[in-house]
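One rule links them: number in my numbering = place in the sequence shown (from 1) + 398.
Hints are computed from structural coordinates only; laboratory data are not their basis. Ideal Cβ positions, reconstructed from N, Cα and C, are used throughout, including at glycine. It cannot be assumed that every hint is accurate.
Unchecked claim - Below, computed lysine-lysine pairings styled on DSSO-like, alpha-carbon distance capped at 30 angstroms:
| hint | residue 1 | residue 2 |
| --- | --- | --- |
| 1 | Lys509 | Lys522 |
| 2 | Lys522 | Lys541 |
| 3 | Lys485 | Lys509 |
| 4 | Lys454 | Lys541 |
| 5 | Lys541 | Lys523 |
| 6 | Lys454 | Lys435 |
| 7 | Lys435 | Lys522 |
| 8 | Lys485 | Lys454 |
Unchecked claim - Beta-carbon label-pair distances, calculated as ranges:
| hint | residue 1 | residue 2 | range |
| --- | --- | --- | --- |
| 9 | Val516 | Gly549 | 17 to 27 angstroms |
| 10 | Arg530 | Leu439 | 33 to 43 angstroms |
| 11 | Val526 | Glu495 | 29 to 39 angstroms |
| 12 | Gly513 | Glu427 | 28 to 38 angstroms |
| 13 | Val526 | Ala436 | 15 to 25 angstroms |
| 14 | Gly513 | Ser424 | 35 to 45 angstroms |
| 15 | Pro441 | Lys523 | 28 to 38 angstroms |
| 16 | Ser444 | Trp499 | 27 to 37 angstroms |
| 17 | Cys425 | Asp519 | 13 to 23 angstroms |
| 18 | Ser517 | Ser424 | 19 to 29 angstroms |
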Amino acid sequence: MRYLTKILMITVCLVALSGIAAACDSCVECKTLGYWKAPCLWPVESIHIGGITYTKYQAIDIICHPVRYDKTYAMFNALVTAKLNVKSGCCPSSEVEDAIWGADRWLEVYKLGSGVTVSSDAWKKEFVYCSRDTYPSGEDMFKKLDAFNNGY
399 MRYLTKILMI TVCLVALSGI AAACDSCVEC KTLGYWKAPC LWPVESIHIG GITYTKYQAI
459 DIICHPVRYD KTYAMFNALV TAKLNVKSGC CPSSEVEDAI WGADRWLEVY KLGSGVTVSS
519 DAWKKEFVYC SRDTYPSGED MFKKLDAFNN GY
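Please put together the full structure from these sequences, using the hints given.
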C-alpha cells in the first residue's frame with residue numbers, strides 16, 4: 399500500500415509539473431508596431447497610456463504620426479505595442495514589466511507632443527516620478543520595450 403501511495407504522489411506531481419510547463423509554454427510571439435495598426439487585431443477597444451484613455455482608433459491615429467523630432471511619440475508607440483502584446487499573451491520579463499510601468503509614468507510627465515528631443519535630459523537621464531520612484535532614462539525604457547516588441 400505504501401508503494402501505491404508513493405506512485406500516486408509521483409503521478410500527481412508529474413501531472414502538476416506538466417501543467418506548469420504548459421503554462422510557461424503558452425506565451426505567444428510578440429507582434430511589432432505595424433501589426434497593431436489594424437484595429438481588427440486589437441484585443442481591446444481602448445488603451446490607457448500616460449494617464450489618458452485612448453480608443454483604439456485614436457491610438458492608431460497617433461501611431462501613424464511621425465516620431466522623428468519628438469520622442470514622446472516613439473515612447474507612445476513602443477508602450478502601446480508592449481501593452482497590446484501583453485494583452486495578447488506575449489509574456490514579458492520582470493524588466494519589461496518595469497519598463498512598461500516606467501514608460502507609462504514617463505508619458506504622464508512628458509505629455510504626448512511635448513517635444514522631447516533625442517538629446518534632452520528627459521530622454522537621456524534617469525527618470526524620477528513624483529520625487530520618489532526612480533526609473534531608467536526614457537531612452538533606456540524605450541529600448542527595452544522595443545526589444546520586447548521585436549522578440550528579443
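Next on the checklist: Under the constraints set out in the numbered hints, which ones does this structure not fulfil?
Outcome noted: Hint check: 11, 13, 16, 17 and 18 fail, others pass.
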